[in-house]
Amino acid sequence: MSPRPQAVTVIDLVRTFQPRKQPAVQALDGVRLDVDEGEVHGLLGPNGAGKTTLVKILTTVLLPTSGRAEILGHDVVHDAKAVRPLIGIVFGGERGLYTRLTARQNLEYWASLYRLPGAQIKARAAALLERVGLAEKADVKVETFSRGMKQRLHLARGLVAGAKVLFLDEPTTGMDPIAAREFRTLISEIRAEGATILLATHDMVEAEVLCDRVTLIDHGRILATESPRSLGRLVSRFQRVDVEGADRELLDRVAALPGVESIVESDDGHRINVDGDEHVPVVLKVIVEAGVVDVRTSRPSLEEVYVGLIGDRGLEV
Amino acid sequence: MMSSLRVMRYSVLSGAYDYTSIYTWKSWLGGWLVRVMSQVTFFALIGRLLGANQQIWFLLVGNAIMIAAMEGVFALNMVSWERSTGTLPLIAASPTSPVLVLASHGVYLVVDGTVSALGALFLLGPVFGLPLPWPRVLLIIPLTILIAASAYSLGTFLGGVVLGFRGLNSVVVNVGIVALMALCGVNVPLDAYPGPIAWVSRFLPITHGLIAVRDVLAGDLGAAGLQALAEAGVATGWLVLCVLTFGRFVQRGRRNGSLEFAT
Amino acid sequence: MRGFRSGFRLQLSFFRNYPDSLIPLLTAPLFTVVFTMVLRHGGRGDLSGYAMIAPFYMSLWWFAIFNGGWVIQTERWEGTIEYLVAAPVGFVSVIVGRISTMLLAGAVAFGEVWVFGRYVLRTNVTIHHPYVFTASLVLTLIAMTTTSLFMANLFVLSRTAVTFSNSASYPVYLLGGILVPIALLPGWLQPATNIVFLSWSSKLLRGSLSAGPIQGAAFDLSMIALLAVVALGLATAFMSRILRHARSSGELALR
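Protein chains in written order, with the working numbering: chain F, 58 to 374; chain B, 928 to 1190; chain A, 1204 to 1458.
Worth flagging that the hints you see were computed from the coordinates, not collected in a lab.
Glycine residues also receive a C-beta, built at the ideal position from the N, C-alpha and C atoms.
One or more hints might be untrue.
What the hints assert, rightly or not - Not everything, but these chain A residues come out facing chain B in the computed CB check (under 7 Å):
hint: 1; residue: F1218
hint: 2; residue: S1224
hint: 3; residue: L1228
hint: 4; residue: L1229
hint: 5; residue: P1232
hint: 6; residue: L1324
hint: 7; residue: Y1373
Said to hold, decoys possible - Pulled a few chain B residues facing chain A out of the computed Cβ check, cut under 8 Å:
hint: 8; residue: T1014
hint: 9; residue: A1109
hint: 10; residue: T1163
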């Protein structure tokens, strides 16, 4: 048992909303979660799953209906004052910035709210703007910014006080692929500097690439918490070998190998399901020696896990 | 012609519908009308400081009619509203003249302004002992509508002017209204102004119409008729100016990108 | 203190960046011209001092509503309020800091009408009772600031905030006797004037401009102070309640 507190601890958290003239909504239904210090933890789920509600409770903006949550040992409800200096928040989106002020003015204001000493504020703001790639637009009014630029300014704000725990809620929504990739590089850098990051997203690639562990959440309930690779095991315990251009004779030979569970036809070839990592090398050797080079191994992707566990909702929200 | 009329009709109705979402009966009476009556009373009472009834009545009539013009100037907001909902570029690109659509959208302002102004005049007039000679006092109704429409043309023109600039709507509306109060013989007669300023006033809405109203109350219907014609001329002039320049304003807004933004 | 300073500075940059803040500064001289013309044309040019005081109050009221009253609601619309609540610095101190800029804005508004009236319109006006004048002015600025703070809370709670913002001006000007003394109002309105601190203030400012002695200045000054404190008390009572409610209901930000 480690004497140091976890970065984030959530115990039986419940949050019910009671909108006017409508039935009550159970946004969170007994959520349990642990995030280690220095970890990048993904919170993956569809719209309305409860991700944003959870993040808002953890950032002391919203009070839970029941249950407990702690950030670095401080209770978010009773000890909110101690929590706030430790966290950085990136909710993203079009709102949340003073549009008629410049990027620099926005950032310097938020820096002052985080009690940065006066002398440091200007330097820190300038450095952060440089870091997120907004140095050239530092003195331009935010109202003219594109979505991606605003997201980067949000990130800069989240970093302004050197937070120990960073909360990101759908940070790359609406970004083009290049901007999103640069954003992810930034996140990796921040992680390397020792921060703990909780990333709420419904972008599978993002979760897979950035996260040490991923928690699947839907309808306010945690479905699973695993590393992205291990999550694959929830859908299928098989390692898969995808092969293109294998003829009938080769496939029959492979089917007879130990550990080969089944061979299924796929869109552009065949998929060989192998039970157990230890059998894979032999299968690969046989295939390659036969002269077939179009070979790939994989586990079920996060997307398959997601769809498998959460279900294919189509356009339903 | 028929399709233009149809466009206008829809525009009028949608504008009126929007208006009902801002005010309910209660808030209109308890809020807006109370404000209107207070505004007129505020100015009329200066007359009591000055002593004679004539002063009180002069201020009362001027500021009551001013209410109609005030709402006319609000037309500026109609134009900006269209910009904020993103419909302005669409209207500008459509076959119907944009001025026509915009003008029709805010017609309820002319109606509301007239009702508010006349409400203030006929409710407060008796309180302050203002003689309202029947039946010629009814002529004030069409005169007020004319004044409101005249101010509305100016408002629409100003709406076009501010299209290229962001965030200036409120400034221009507020300053415009107080400027009209100061320049158009609302609180002092035209001969109280220095020469050059009196000349400027003659080309602004309200000036002639208000003199017409005062003439009606005084019994000089012939003079009132001439002034009414002059007011109609002023209204037409601003409308023509608006039609001529609007296209250019929209172009400018498109060019400098200000058309894209909400305010 | 940190939050107060941050909020104060933020609001000052708003003054610089939002053109709307100019409105009172542009309309005040125009109103001064209107009132002065009416008084002079009516043969009471000696009362032109009144014409300078009234626009000051009108500017003050405008700042109180638009730079003060709407502060919390606009934070909710901009979506910045959640970040503000989550920041280490106190939410209340930031809001108070923002609204306190009124003290500065009000002083500027007064300076403007004074300079305009005296040097442009050449109004003949002398402050015969400087101590009373200064005390009234300072207390008025403070009272308007605390009232604005109260309005900021009220606008969050009340659904009639927009109607109020558009409609309260002239009724308040009347009850506050900002141009015409309340003695000229009908009797049934007199009691209402007592709770509008502007009526006590305008009485004192006008009185300070006339040569004769001022009576009951101490009482009038304490009435302004009392109403200022009442507004502050109401504001404080509402503020913490609003904050607690918003955090528990999840309605901090407006969609």
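Structure-based check of all given hints:
{"no.": "1", "hint": "F1218", "verdict": "13 Å, violated"}
{"no.": "2", "hint": "S1224", "verdict": "9 Å, violated"}
{"no.": "3", "hint": "L1228", "verdict": "10 Å, violated"}
{"no.": "4", "hint": "L1229", "verdict": "5 Å, holds"}
{"no.": "5", "hint": "P1232", "verdict": "9 Å, violated"}
{"no.": "6", "hint": "L1324", "verdict": "12 Å, violated"}
{"no.": "7", "hint": "Y1373", "verdict": "4 Å, holds"}
{"no.": "8", "hint": "T1014", "verdict": "22 Å, violated"}
{"no.": "9", "hint": "A1109", "verdict": "5 Å, holds"}
{"no.": "10", "hint": "T1163", "verdict": "27 Å, violated"}
Of the numbered hints given earlier, the model fails hints 1, 2, 3, 5, 6, 8 and 10; all others are met.
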